[in-house]
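Novice: Turn these sequences into a full structure, and let the hints guide you.
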Amino acid sequence: MINNVKDIKPDPNAVLGEFEQLVLLALLRLGPDAYGATIRREIEHRTGRTLAMSAVYVTLERLEGKGLIASRVGEPTAERGGRRRKHVALLPAGRRALTRAYRTFRVMVDGLEHEFTRR
Amino acid sequence: MASNTSSRGADPMAPKRPIVRPPPLAAWLAVRRIAPEDREFALGDLDEDFQAIASRSPAAARRWYWREVLRGVLTHRRRQVIPNRTGGGLMTGLTQDIRFALRWLRRAPAFTLAAAGTLALGIGATTALFSVVYAVLFARLPFPNAARLVAASNGESRATSTPISYPQFLEWRDAGVFDTTAAYFSWKPAFTGGGEPEVLSGLRVSASLFDVLGIQPDRGHAFDERDEPRAAAGVVLLSDGFWHRRFGGSGDAIGRTIRLSDVPFTVVGVMPPGFRLQPGGRAPDVIAPLRLNETVAPSSLHFMDAIALLRPGQTIAQARDALQTWERARYPSMTPAPTVFIESARTSITSDSAPVLWTLFGAVGVLLMIMCANLAHLLLARSTARRPEIAVRIAIGAGRGRIVRQLVTESLVLAAIGGALGLLLASAGISLLASSAIVRQAGAFALHVNLPVLAFATVASIAAGLLFGMAPALSAARASTRSAMGDATRVAGGRQRFRGIMVAAELAMTMVLLIGAGLLVRSFTNLLLADKGFDETHVLSFDVSLPDAKYPTPVVQTQFLQQTLERLAQIPGVTSSALISERPLGGSSTNGGLTIPGRTFPPGEGPHGEKRIASPEYFDTLGIRLIAGRTFTVHDTTASPGVMVVSESFARRYFTDGKAVGERVGFDWDMDGTQEIVGVVADVKHNGLDDAPLPMVYVSYLQRPISYAGIVIKAAGDPATLASAVRDVMRSLDPDRPIEHLETMSASVAGAMATRQFVVVVAMFFSLLAALLALTGVYGVVSYDVRQRTREFGIRLALGARPGDLVRLAVGQGIWPVVIGLAAGVTAAVPLSRLVRATLFGVTATDVPTYVAVAAGLAAIAGVACYVPARKVLGLDAANVMRTE
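Protein chains in written order, with my numbering: chain P, 70 to 188; chain B, 158 to 1042.
Hints in this document: simulated from the structure, not taken from any laboratory.
Since this is a predicted model, take the numbers as computed values, not measurements.
Glycine is no exception: its CB is placed at the ideal position from the N, C-alpha and C atoms.
Hints may be right or wrong, so weigh each one.
Stated by the list, open to error - Estimated spans, in silico, between C-beta atoms of each pair:
1. B:PRO545 x P:ARG131: 32 to 40 Å
2. B:ALA209 x P:GLU87: 21 to 29 Å
3. P:ARG165 x B:GLU194: 27 to 35 Å
4. P:ARG153 x B:LEU251: 50 to 58 Å
5. B:ALA577 x P:ARG115: 35 to 43 Å
6. P:ARG165 x B:ILE553: 52 to 60 Å
To be verified - Away from chain P, derived, C-beta distances all over 10 Å, residues of chain B:
7. GLU355
8. HIS401
9. GLY749
10. PHE998
Specialist: Okay, here's the thing in structure tokens:
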């Protein structure tokens, strides 16, 4: 079941904030396993930052509002005290926005790689 | 039944990883604070991460959870939900109010400090006492089966209940009324395994006790029924403390054989740390099986306490009816028919201390209310200064409700500050209380700031804030609507009346407290002055017992005791030495039925008395007055006719005009035939100073040998200085014979008064503090009045009034709250003082002298508190006043 998509028009020129990029990248990495707790863990694990759960939720909600991701309610599991998960998945618009961000980043970095690899 | 108190993990049913739950308060907050549409998923995520962290460190997980709830989830909801729900009106207004209140409190640091300090004291004291009340009367006993634990005994009520006998225990166990039945009795073996001999505190228990309590040894194993017979090989469990103290906590203690009162016992295990049956009591050093048979413990010997586990769903009343019916069917011809008394284990432990605790809690609650009343008129006085500010706020459109809300918020902020400080004070007070003997005796298992205590402090603070804040706020808002348009200084009348009411209320409550304290003080002095029946001065006492193994025959026992008394009497400074089977205030006693030949009594009303075995010198040594006949002599031996000395109340109860000398009484306790009463002595208070004297009979230890005794020594000077000489003598007589309870009789008497003394001191402290607060209230009212009416007084002076008239006028303003307060106080004290009736001694709850003394004293001091500020009128100069006004 896919929620919250019918009324939302994806913004073709959406610009992503830094944290939004991190969340979308985590979605891409996690695939079908992506939900609040795993997304937070993935970002914490890779970046070494400590995140508040609320930061993840707020961002997910904003991304959903922009029509970049969609959510789906999963099955209850024991380790969560019998509560269900809210899985999130990347929508095509999200993937496009991420690609755009990546390209922008890459063209801006082009020729400056030595600045970041030294030391 | 889930038992997360045990951390041993020996239970095969327990999951491999211990279940760690998020902190309940945080989880509750989380549920409240997350928007419903997100709740399930967000809580699930929180839980999942919590479990992951908890598998490494439960403490870290709990900290993480709290952080997450306070920071993360809250932010989430504030951003996402609140604007959509309430439009922000209430919340924004509230933050505004709180910010404003804080600013206002910062501007008047002296007032804030005084008010918050007063509140902190009140809330702190109330909370500290609540923690005791909660721990003693409401918290669960630390046994997994606590909810179904009951104590069972013979009798109709707690007051008349008596212990059960060994055969009775066997019958109850097999009667099938309870799920499981256990019995135990205390045991004081001498531990003589090398080093200083020591009398241990021990328990002898039925094997079923472990199942009843749901507690198992930490190491080794519990007993089973095969260990219970008299003939079984001795096995024993050690307490954790004893194991560490005497065996260095070494694992090879288990399996070792130790000698307890010269009988070998094999150590089979160690109990969990802190295990005890009676809360606050000493943990039993050693626990052994019953080791009884019906020869040594016949059905006439009632000495065991029964503790049982109700069947699931069974009520106490059902169990009682079933057991009583069973008993009556078993013994149909017994008259009176057997009765059974069952109460919850908690009640049986705490029933003694409950009235004292409620009394103190009530007193401190009243004190808190007085503090609130005091703050109320303090706030009212301050609101005078704020009148212009409030007028401006009304002028620019604030409604009355808005003003009241602002003022009440200020009170609540003040209460919150006071409450937080109070909680700090309370936690300090709680650790102080936890170490005091009375609280330990009262049976507080675990005294600390826990969730209920926290909740209590919160509710108390909010209630206090509303109590002292509401009335001044209403009054200020009402006054200000008027004053906004007119002369601001002329509308004080209503407010002054309100302050008068507050002061009257304070005085009334103070009256109640002072009368209560007065009654307790009178009880205390009555007890101090009451005739105990013995003279404790210059007396040293201790207990000694002789194990069968080393002192097998009565002859050897008597020889040893005789020698002991002789040797003790030779110590320089000792004037006499004597022995008694159970010392007054020593905590143990023996009683039972007697027979009077030729007389018959209705069933259940036969002669009954406390039984004591004494040496001839006992009565002289303790100064027990001889009323008729003689006491024992050394010539009353097994070779001469049996003699008996009885107490005055025994003589009065069973013989006409108390003329008992020459009568004969049968002593159905290992003694054949009857004894002739040769003397009557004064009654002795045995169990406590406030007990009614019990009818008592004495026989001589030379005619009825004993293997244990309380020794009393009369000294010419300070008895405490004899202690080491006494120890030396006892060591030279038998190096393996420990002596116990070595203390002066004066110390025993003081010990018997300790609880009462504590209550008296606390009650005095509370009521004097209350009086002080109330009197500052009276003083405040009058001096405020004098300030307010300066112009009026000036005019009166100018018109020819004498200064004395003005003083009378000013005093009059303060006097009527005093009169009303005192009258209300007396009226309230009459019914309320009944609550302390249980703790009174030698004085009735409506003792007229106490009431009169307290009322007169308070009235006199209140008069002074009125007069001192009123005297300021004398300094007025009519011309000056008229000019400045």
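Novice: Taking the hints in turn, state whether each one holds.
Specialist: Outcome of the hint check:
{"no.": "1", "hint": "B:PRO545 x P:ARG131: 32 to 40 Å", "in the structure": "violated, 49 Å"}
{"no.": "2", "hint": "B:ALA209 x P:GLU87: 21 to 29 Å", "in the structure": "holds, 26 Å"}
{"no.": "3", "hint": "P:ARG165 x B:GLU194: 27 to 35 Å", "in the structure": "holds, 28 Å"}
{"no.": "4", "hint": "P:ARG153 x B:LEU251: 50 to 58 Å", "in the structure": "violated, 35 Å"}
{"no.": "5", "hint": "B:ALA577 x P:ARG115: 35 to 43 Å", "in the structure": "holds, 42 Å"}
{"no.": "6", "hint": "P:ARG165 x B:ILE553: 52 to 60 Å", "in the structure": "holds, 56 Å"}
{"no.": "7", "hint": "GLU355", "in the structure": "holds, 52 Å"}
{"no.": "8", "hint": "HIS401", "in the structure": "holds, 40 Å"}
{"no.": "9", "hint": "GLY749", "in the structure": "holds, 61 Å"}
{"no.": "10", "hint": "PHE998", "in the structure": "holds, 57 Å"}
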